[in-house]
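Make the full structure from the sequences, and use the hints.
Add 21 to the 1-based position in the sequence shown for the numbering used here, that's all there is to it.
Take the hints with a grain of salt, since some may be wrong.
Each pair of labels, with its calculated beta carbon distance range [what the hints assert, rightly or not]: (1) Gly125 to Ala159: 39 to 47 Å; (2) Arg83 to His24: 21 to 29 Å; (3) Pro161 to Thr42: 23 to 31 Å; (4) Pro161 to Val61: 16 to 24 Å; (5) Asp111 to Gly56: 32 to 40 Å; (6) Gly125 to Arg83: 32 to 40 Å; (7) Pro116 to Asp51: 14 to 22 Å; (8) His99 to Ser34: 19 to 27 Å.
These are computed hints drawn from the structure, not numbers from a lab. Note that the structure is predicted; figures quoted are calculated from it, not measured. All residues carry an ideal CB built from backbone N, CA and C; glycine is no exception.
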Amino acid sequence: MLHGDLDHPATLSVADLREWTQYRMEVVFDCATNGPQHHVFEGALLRDVVAGAGPAFDARRRKDRSRFLLAVSGGDGHHTVLAWAELDEDFGDSPVLLATRLDGEDLDEAGAQLVVPSDRCGARYVSAVTHVWFGALAAPDL
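So this is what it looks like as structure tokens:
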């Protein structure tokens, strides 16, 4: 489920995610329980999927875009948060994936996986993604 401050929230399957341009990433990350992991993931850029849903910011204003966050939840019980600026081409331009394939195997049964190739630690890799929430950080009332 893709929801939050979006013009077109959606419920997407792994097959739906294959409709976006697919990217291939060879990654190495450290897993606290299983040690170093070497995998090849293929999938859609999270940035493209969110952009397709119509994020509620003024795309011309960088400062407006930089206050948005993504919260990702998975069926594996893991959750993580990313800043939109990490993904945005004008800022971090990180190729974060919603993976549809892992080591040549389709993830249709297991569900899409969040892949953050720039992370040395695998803690923000979320399996069986169930929710991607997109929203703005509000300024605190003082």
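Which constraints among the numbered hints does this structure fail? Numbers only, ascending. 3, 4
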